[in-house]
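> Full structure from sequences and hints, please.
Just so you know, we're using the numbering used here here: the sequence shown kicks off at 6 and counts up by one.
The hints are simulated quantities; they were obtained by calculation from the structure and are not laboratory data.
Check the hints yourself; a few may be wrong.
Keeping only pairs whose Cα atoms sit at most 16 Å apart, straight-line, the calculated EDC-like set for lysine to aspartate or glutamate is [stated by the list, open to error]:
| id | residue 1 | residue 2 |
| --- | --- | --- |
| 1 | Lys138 | Asp186 |
| 2 | Lys179 | Asp215 |
| 3 | Lys212 | Asp176 |
| 4 | Lys188 | Asp215 |
| 5 | Lys138 | Asp125 |
| 6 | Lys223 | Asp125 |
Derived CB-CB ranges, DEER-like [claimed, not checked]:
| id | residue 1 | residue 2 | range |
| --- | --- | --- | --- |
| 7 | Asp225 | Ser169 | 17 to 27 Å |
| 8 | Asp135 | Ser169 | 17 to 27 Å |
| 9 | Lys26 | Asn129 | 48 to 58 Å |
| 10 | Lys83 | Glu183 | 33 to 43 Å |
| 11 | Gly74 | Asp215 | 47 to 57 Å |
| 12 | Thr110 | Ser139 | 32 to 42 Å |
| 13 | Lys26 | Gly106 | 51 to 61 Å |
| 14 | Leu203 | Ile71 | 42 to 52 Å |
| 15 | Gly74 | Ala105 | 46 to 56 Å |
| 16 | Lys40 | Ile65 | 29 to 39 Å |
| 17 | Asp104 | Lys26 | 50 to 60 Å |
| 18 | Arg29 | Gly62 | 20 to 30 Å |
Think of the CB as a built atom: it goes at the ideal place given N, C-alpha and C, for glycine as much as any other residue.
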Amino acid sequence: MQLLLLVLLFVTFNAFSVDAKVPRAVPREVYDNGKIYDITHKITSKLPSWDSNNGLGSYIWLTSSIKNGSLDNVSEFKLTTHTGTHCDAPGHFYQDYYDAGYDATTLNLQVLNGPALLVDVPRNTNITADVMKSLNIPRGVRRVLFRTLNTDRRLMFQTRFDSSYVGFMPDGAKWLVENTDIKLVGLDYLSVAAYVDLAAVHLIFLKNRDIIPLEGLKLDNIAAGEYNVHCLPIKLAKGDGAPTRCILTSTCESSNISSYIESCCAELVHCRYNKRILRSKGYKRLLT
Numbered sequence: 006m007q008l009l010l011l012v013l014l015f016v017t018f019n020a021f022s023v024d025a026k027v028p029r030a031v032p033r034e035v036y037d038n039g040k041i042y043d044i045t046h047k048i049t050s051k052l053p054s055w056d057s058n059n060g061l062g063s064y065i066w067l068t069s070s071i072k073n074g075s076l077d078n079v080s081e082f083k084l085t086t087h088t089g090t091h092c093d094a095p096g097h098f099y100q101d102y103y104d105a106g107y108d109a110t111t112l113n114l115q116v117l118n119g120p121a122l123l124v125d126v127p128r129n130t131n132i133t134a135d136v137m138k139s140l141n142i143p144r145g146v147r148r149v150l151f152r153t154l155n156t157d158r159r160l161m162f163q164t165r166f167d168s169s170y171v172g173f174m175p176d177g178a179k180w181l182v183e184n185t186d187i188k189l190v191g192l193d194y195l196s197v198a199a200y201v202d203l204a205a206v207h208l209i210f211l212k213n214r215d216i217i218p219l220e221g222l223k224l225d226n227i228a229a230g231e232y233n234v235h236c237l238p239i240k241l242a243k244g245d246g247a248p249t250r251c252i253l254t255s256t257c258e259s260s261n262i263s264s265y266i267e268s269c270c271a272e273l274v275h276c277r278y279n280k281r282i283l284r285s286k287g288y289k290r291l292l293t
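The following block contains the structure:
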């Protein structure tokens, strides 16, 4: 009987094992010759974690292992809702919203998917009202990914949390809410808010439950400009946030870029007004 069991285990193991010469997997960031960019940071033990000097640390472990005699590999993991690339839900900073069920399952997928601008922020400052004015983002653009000094400093690749990261100041957040149509606010570190004004900025962005902060984006080696963004947060009940897989896809050929702004304008009633603003603020190439 023991011999029979050993034979069965041997056959099972060999049936599911792979050749020892299988090459190591190489993760990809760009697909289809630059038409798809993965802007999600890989979750590893060295990923920076909020206020931690040691990064994320141990977060995943095998509960079932082929090497230990199981038929398959099965893992468990433990993460905060604000790990790596993630979205914030309204309940993150508002208790009454949390109690009312405004969690990660209620995040608007229409906001999280569609035409977007990737813009470069001046590298010597947090995002203030003056910085927002200088970016000349016209009415009609609903999704903006802000690339800052955080990307240049590769902060998301450093294990130790760095509180000197660039983020929004309250006046910058207020200006965005009052003077733009932006509903998806993306940034390249663990928070859209500067460390010194965490609560104030989040309270401004989340107050009306229509703006989604998208944090921890991987925006290196991608040209600024127009893309389609696609973000799908984990559908996590009671989650005040959720890890999110995000990609950018190219919109169209540069000779036919007008479809980008048409898709932006189609989301608003005042399309003709938006086109006039675009021309006046130097976005003529989007309309050619």
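> Tell me, in ascending order, the numbers of any earlier hints that this structure violates.
Result: no hint breaks.
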